[in-house]
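Student: First to last, the protein sequences are chains A and B.
Following this note's numbering, the numbering of the first sequence begins with 1 at its first residue and continues without gaps.
Following this note's numbering, the numbering of the second sequence begins with 1 at its first residue and continues without gaps.
Think of the hints as simulated: they come from the structure by calculation, not from any bench.
Among these hints, one or two may not hold up.
As the list claims (entries may be wrong) - Distance condition first, Cα-Cα at most 25 Å in a straight line; then the derived DMTMM-like pairs of lysine to aspartate or glutamate:
no.	chain 1	residue 1	chain 2	residue 2
1	B	K3	A	E53
2	B	K3	A	E44
3	B	K3	B	D39
4	B	K3	B	E60
5	B	K57	B	D39
6	A	K40	B	E60
7	B	K57	A	E24
8	A	K36	B	E60
9	A	K18	A	E44
10	A	K40	A	E67
11	B	K63	B	E52
12	A	K40	A	D96
13	A	K41	B	E60
14	B	K17	B	E60
15	A	K41	B	D39
16	A	K19	A	D96
17	B	K71	A	E24
18	B	K71	B	E56
19	A	K22	A	D96
20	B	K71	B	E54
21	A	K40	B	E9
22	B	K17	B	E52
23	A	K40	B	E56
24	A	K41	B	E5
25	B	K57	A	D85
26	A	K52	A	E84
27	B	K3	B	E15
28	B	K55	B	D84
29	A	K36	B	E56
30	A	K19	A	E53
31	A	K22	B	D39
32	A	K41	B	E9
33	B	K59	A	D96
34	A	K22	A	E84
35	A	K36	B	E5
36	B	K59	B	D39
37	B	K3	A	E24
38	A	K40	B	E5
Everything numeric in this text was worked out from a predicted model, so none of it was measured.
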Amino acid sequence: ETGVTQTPRHLVMGMTNKKSLKCEQHLGHNAMYWYKQSAKKPLELMFVYNFKEQTENNSVPSRFSPECPNSSHLFLHLHTLQPEDSALYLCASSQDRGNSPLHFGNGTRLTVT
Amino acid sequence: SQKIEQNSEALNIQEGKTATLTCNYTNYSPAYLQWYRQDPGRGPVFLLLIRENEKEKRKERLKVTFDTTLKQSLFHITASQPADSATYLCALVFSNTGNQFYFGTGTSLTVIP
Numbered sequence: 001e002t003g004v005t006q007t008p009r010h011l012v013m014g015m016t017n018k019k020s021l022k023c024e025q026h027l028g029h030n031a032m033y034w035y036k037q038s039a040k041k042p043l044e045l046m047f048v049y050n051f052k053e054q055t056e057n058n059s060v061p062s063r064f065s066p067e068c069p070n071s072s073h074l075f076l077h078l079h080t081l082q083p084e085d086s087a088l089y090l091c092a093s094s095q096d097r098g099n100s101p102l103h104f105g106n107g108t109r110l111t112v113t
Numbered sequence: 001s002q003k004i005e006q007n008s009e010a011l012n013i014q015e016g017k018t019a020t021l022t023c024n025y026t027n028y029s030p031a032y033l034q035w036y037r038q039d040p041g042r043g044p045v046f047l048l049l050i051r052e053n054e055k056e057k058r059k060e061r062l063k064v065t066f067d068t069t070l071k072q073s074l075f076h077i078t079a080s081q082p083a084d085s086a087t088y089l090c091a092l093v094f095s096n097t098g099n100q101f102y103f104g105t106g107t108s109l110t111v112i113p
């Protein structure tokens, strides 16, 4: 186990649906991240939370809405997505926002139909 | 903008040989460079970190070099085994961008028995 758990592992949703991705880390880390991974593209940082405060939003469309209720949990709320949003969504955590290695979950494979 | 290139998309080598993967970047040198391994259906797993002022780092059969003049990092796996087959990602961390990680697209390594 990686210490970072993501649910669900797979999700298929229509463009009019609303769903949420969940991430939980058991490592006592202070920073949590959402990344998007599409085929043949680099990992794309979406959001960063440090000590529960959002510190970065990399020009992500508003149809993606993050929530960090505490330092162990991170959510990504999805609504009115587009087919091009289909990808692997990875949650990660790190000790701090320095050079600490990222600890990734195994991701949610999202398909938008 | 910063560009990161990892040699070929796919690399096939014979078991027992040394695999060498490259990570080239443009513009500014990162403060840190990290290497991750990603297996199909899994999130990336941290392997090694090398700092700007370090030339080489080793961990068991893994070796990473960092040449800021060439703007290149090399990742070596000696005595390769079929279990080393995976995608390997390099990530650059720049201290002047709030320690944001910039990932390459990865190199898929296949070790042939």
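Student: All hints, please: hold or fail.
Tutor: Right, here's what the structure says about each hint:
Annotation: proposed proximity of K3(B) to E53(A) is violated, straight-line Cα distance about 29 Å (limit 25 Å). Distance hint between K3(B) and E44(A) is fulfilled; the C-alpha atoms sit about 13 Å from each other, no more than 25 Å. For a cut-off of 25 Å, the pair hint linking K3(B) to D39(B) stands: about 24 Å separates their Cα positions. Using a Cα cut-off of 25 Å, the hinted pair K3(B) and E60(B) is violated, with the two alpha carbons roughly 30 Å apart.
Restraint check for K57(B) and D39(B): the C-alpha separation of about 23 Å stays at or below 25 Å, so the hint holds. For the hint linking K40(A) to E60(B), the alpha-carbon distance of about 30 Å lies beyond 25 Å, and the restraint is violated. As the CA atoms of K57(B) and E24(A) are separated by approximately 32 Å, the hinted pair breaks the 25 Å bound. For the suggested pair K36(A) and E60(B), the alpha carbons sit about 31 Å apart, so the restraint of at most 25 Å is broken.
Restraint check: the Cα-Cα separation between K18(A) and E44(A) comes to about 22 Å, which is no more than 25 Å; the hinted pair holds. At most 25 Å may separate the alpha-carbon atoms for a hinted pair to count; K40(A) and E67(A) exceed this at roughly 28 Å. A distance of roughly 15 Å separates the Cα atoms of K63(B) and E52(B); the hinted pair therefore holds under the 25 Å criterion. Between the alpha carbons of K40(A) and D96(A) the distance comes to roughly 29 Å, so the proposed pair goes past 25 Å and is violated.
For the hint pairing K41(A) with E60(B), the CA-to-CA distance comes to about 30 Å; that exceeds 25 Å, so the pair is violated. For a cut-off of 25 Å, the pair hint linking K17(B) to E60(B) stands: about 15 Å separates their Cα positions. For the hint linking K41(A) to D39(B), the alpha-carbon distance of about 16 Å falls within 25 Å, and the restraint holds. Only pairs whose Cα atoms come within 25 Å are accepted, and K19(A) paired with D96(A) is rejected, the gap being roughly 29 Å.
A distance of roughly 36 Å separates the Cα atoms of K71(B) and E24(A); the hinted pair therefore is violated under the 25 Å criterion. Straight-line distance between C-alpha atoms of K71(B) and E56(B) comes to about 14 Å, which keeps the hinted pair within the 25 Å bound. Proximity of K22(A) to D96(A) is assessed by CA-CA distance (about 21 Å); at most 25 Å being required, the pair is judged to hold. For the given pair, K71(B) sits about 13 Å from E54(B) by alpha-carbon distance, which is consistent with the 25 Å threshold.
Annotation: proposed proximity of K40(A) to E9(B) holds, straight-line Cα distance about 9 Å (limit 25 Å). This hinted pair does not check out: K17(B) and E52(B) have alpha carbons roughly 28 Å apart, beyond 25 Å. In summary, the hint linking K40(A) to E56(B) is not supported, as the alpha carbons are separated by about 29 Å, beyond the 25 Å threshold. This hinted pair checks out: K41(A) and E5(B) have alpha carbons roughly 11 Å apart, not beyond 25 Å.
With a CA separation close to 38 Å, the supplied pair K57(B) and D85(A) exceeds the 25 Å bound. Distance hint between K52(A) and E84(A) is unfulfilled; the C-alpha atoms sit about 29 Å from each other, more than 25 Å. A C-alpha spacing of about 32 Å is found between K3(B) and E15(B), which places the hinted pair above 25 Å, so the restraint is violated. Our distance criterion of 25 Å between C-alpha atoms is met by K55(B) and D84(B), whose separation comes to about 24 Å.
For the hint pairing K36(A) with E56(B), the CA-to-CA distance comes to about 31 Å; that exceeds 25 Å, so the pair is violated. Simply put, K19(A) and E53(A) have alpha-carbon atoms about 22 Å apart, close enough for the 25 Å limit, and the pair holds. Between K22(A) and D39(B) the CA atoms are separated by roughly 21 Å; this keeps the pair inside 25 Å, and the hint holds. For a cut-off of 25 Å, the pair hint linking K41(A) to E9(B) stands: about 11 Å separates their Cα positions.
As the CA atoms of K59(B) and D96(A) are separated by approximately 23 Å, the hinted pair is consistent with the 25 Å bound. Distance hint between K22(A) and E84(A) is fulfilled; the C-alpha atoms sit about 21 Å from each other, no more than 25 Å. Taken as a hint, the K36(A) and E5(B) pair is honoured in the structure, with Cα atoms around 19 Å apart against an allowance of 25 Å. Taken as a hint, the K59(B) and D39(B) pair is honoured in the structure, with Cα atoms around 19 Å apart against an allowance of 25 Å.
A C-alpha spacing of about 32 Å is found between K3(B) and E24(A), which places the hinted pair above 25 Å, so the restraint is violated. Of the supplied pair hints, the one linking K40(A) and E5(B) holds, its CA atoms being roughly 12 Å apart against a limit of 25 Å.
Of the hints listed earlier, those the structure fails to meet are numbers 1, 4, 6, 7, 8, 10, 12, 13, 16, 17, 22, 23, 25, 26, 27, 29 and 37, in rising order.
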